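As they're listed, the protein sequences go chains A and B. Numbering of the first sequence is given in our numbering, commencing with residue 9 and proceeding in unit increments. Numbering of the second sequence is given in our numbering, commencing with residue 668 and proceeding in unit increments.
Simulated from the structure, these hints should not be mistaken for laboratory data. Note that the coordinates shown come from a computational prediction; the quantities given were computed from them, not determined experimentally. Be aware that one or more of the hints could be misleading.
As the list claims (entries may be wrong) - Quick partial rundown of chain A residues pointing at chain B, CB under 7 Å, derived from the structure:
hint : residue
1    : Met13
2    : Leu14
3    : Thr52
4    : Ala99
Claimed, not checked - Cross-link-like lysine to any residue pairs, in silico, SDA-like; alpha carbons within 25 Å at most:
hint : chain 1 : residue 1 : chain 2 : residue 2
5    : A       : Lys106    : B       : Ala1067
6    : B       : Lys1118   : B       : Ala1067
7    : B       : Lys1118   : B       : Ala1058
8    : A       : Lys11     : B       : Asp963
9    : A       : Lys11     : B       : Arg976
10   : B       : Lys1118   : B       : Arg1035
11   : A       : Lys11     : A       : Arg121
12   : A       : Lys11     : B       : Ser849
13   : A       : Lys11     : B       : Ala741
14   : B       : Lys872    : B       : Gly894
Virtual Cβ for every residue (Gly too), placed ideally from N, Cα, C.
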Amino acid sequence: MTKYMLIMRGTDEGQAQYEETDFSEVIAAMGRYNESMMDAGVLTAGEGLADASEGAVVDFSSDTPVVTDGPYGETKELFNGFWILDVASRAEAIEWAKRAPLSGPGTKLEVRRVHGEEDFPADDEWIQKEKEWRKQLGTE
Amino acid sequence: MAQAARDGVTGPAGVPDGGTPTAGGGARGTDGPDAARRAVEATWRIDAARIVGALARYTGDVALAEDVAQEALAEALVAWPRDGQPRDPTAWLLTTARRRAIDAFRRRAGRDERYAALGHDLGEGEAHAGAPPSDTVEPDLLWDPDRIEDDRLALIFTACHPVLSTEARVALTLRVVGGLTSDEIARAFLLPRTTVQARITRAKKTLAAARVPFEVPPAADRPERLGSVLTVVYLIFTEGSTASGGTDWIRADLAREAVRLARVLDRLVPGEPEVAGLLALLELTAARFPARTGPDGEPVLLADQDRRRWDVGAIRRGRAALARATAVGRGLGPYGLQAAIAEQHDVARSVDDTDWEQIVVLYEALGRVAPSPVVELNRAVAVSMASGPAAALEIVDDLAAREVLTGTYLLPSVRGELLSRLGRRDEARTELELAARLCGNDRERGVLEAKAAALGGSS
């Protein structure tokens, strides 16, 4: 099993169209989609994000972080929410993504693998340090 | 497959293996046999239980349902690279499988009138049975949303039916409920594929011979049948989490497959404390997997694990499931109690920080609802942490005197550990060496040998 994140992306235009849809229908469709992933035992986390205009961006381009209110630059690619799925393969993650009840110009789901244990060295500095401590403490 | 590619008429069907993805990701967005195989497998992974469940309800025959579903998968491998992936791949598979079922009924109809009637009912509205499935599927008479959950549940109960051997239950459950291919099951259990296929074939014959009805068992049989289902899921998990043979300490993918099955079951059977309890146990145990192996794949014992590596999401899910099991108010069963023990470890910052007294209490409760020498042995370990090795050794010596757990490495490994802590080095070494000889897992044996060696030569 591997974790994948489905990242919901949209545009202002797609967002506007989406907002014209009946909100209760949107909620119901999303609820059914989430439920189907719960029933299949694959959904482990997921959140929808509030409007980007409520947010802020912290920019690290210069020495000190610069904070601006609202979304980042042009709103061509808004990050609107995510799901984290525990699935057997990339193909399965894609198949789930295709079933999402989304529509509208520029609306996309990006499918990304979440780093697992295997991506990190098992003998990192802190683990080595801990082994040393154990030797010192006689708890090894 | 090559034939299929040459016959392609639309879109990118002629693109060689691994051809470039096309824009849109829509119905025609995938191409090549590899992409098709992955898409077929992904769909099967997601919807195997719904597909086989729906077919089994209509045919009344799980074996036939599984056969025709496999035929549909084989057809998809040819048709999808040729025609593009259908917009609704699950409906495509279901429609195709249904047609194969109708064909089968019509073949049998000459021999048995019962099948003729069924074949007629199923064929209702069909132009002719051999027609290729269309991309757009009308609301399917097989696809009754009100029945899907029942169908999946009936399928799980059937796959775990007591007439089947344990091995057959495991293989059939992974295949029709988990949506694994025979290859995947074979890899997970380190078996030849033919062995897995033979087990599934035999299982289907056994179900047919025993005339096992396709149904959710009646209330009277429910507890026992549910117990069998939970056992199958638990066995899949333990096989993956402490591989009984071979060189790998854990086969995490197999264990995670069991977690997924437990989640499915938890959704299908709400309000059963042991179902939520099993899910909690598996989540809370799997949460520690990331810290259970060292850089060279060797096992790392609980006391030595880097707890920062534990999966906090899994701990959260496990605790939530355990809270639901508790909230039912009928007390915890064996799985729930084991989950409660796992929870105590998972929330502790270190071995010293662990509430060992509480763990002793939980093992005592577990010993009452599910008495076993293994539980006693584990209680002894908890007692050694709560009250010291001397008190624990009494429990272990009692087990040894009763001559239980002979032939397994568990008792000598714990006894050796306790003797070592009591400074009785020679006895400790003898016990640990015995444990190493009895241990079937290479990795685990290495740990025991190292412990024995650390106690030095005879003095």
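Given hint Ala741 (chain B) paired with Lys11 (chain A) - CA-CA distance at most 25 Å:
violated, 28 Å
Take a quick look at whether Lys106 (chain A) and Ala1067 (chain B) sit within 25 Å of each other, Cα to Cα.
It is violated: about 59 Å lies between the C-alpha atoms, which goes past 25 Å.
Between Lys1118 (chain B) and Arg1035 (chain B), is the straight-line Cα distance small enough, at 25 Å or below?
violated, 33 Å
Does Lys11 (chain A) pair with Asp963 (chain B) here, judged by a C-alpha cut-off of 25 Å?
Holds: Lys11 (chain A) and Asp963 (chain B) sit about 23 Å apart, inside 25 Å.
Double-check Met13 (chain A) for me: the hint is only fine if its C-beta lies closer than 7 Å to a C-beta in chain B.
Not OK, violated: Met13 (chain A) not within 7 Å of chain B, min 13 Å.
Sort out whether Ala1067 (chain B) lies within 25 Å of Lys1118 (chain B), counting only the CA atoms.
Answer holds: Lys1118 (chain B) to Ala1067 (chain B) is near 21 Å, not above 25 Å.
Can the restraint linking Lys11 (chain A) and Arg121 (chain A) be considered satisfied, given a maximum Cα separation of 25 Å?
Holds. Lys11 (chain A) to Arg121 (chain A) sits at ~6 Å (cutoff 25 Å).
25 Å Cα cutoff - pair Lys11 (chain A), Ser849 (chain B):
holds, 23 Å
Quick one, are Lys872 (chain B) and Gly894 (chain B) close enough, alpha carbons at most 25 Å?
Holds. Lys872 (chain B) to Gly894 (chain B) sits at ~23 Å (cutoff 25 Å).
With the threshold set at 25 Å, check whether the alpha-carbon distance from Lys1118 (chain B) to Ala1058 (chain B) stays at or below it.
holds, 22 Å
Lys11 (chain A) and Arg976 (chain B): Cα distance at most 25 Å?
Given that 25 Å is the threshold and the Cα spacing comes to 16 Å, the pair holds.
Do the numbers back the hint for Ala99 (chain A), that is, is its least Cβ distance to chain B under 7 Å?
holds, 4 Å
In summary, the numbered hints that this structure violates are 1, 2, 5, 10, 13.
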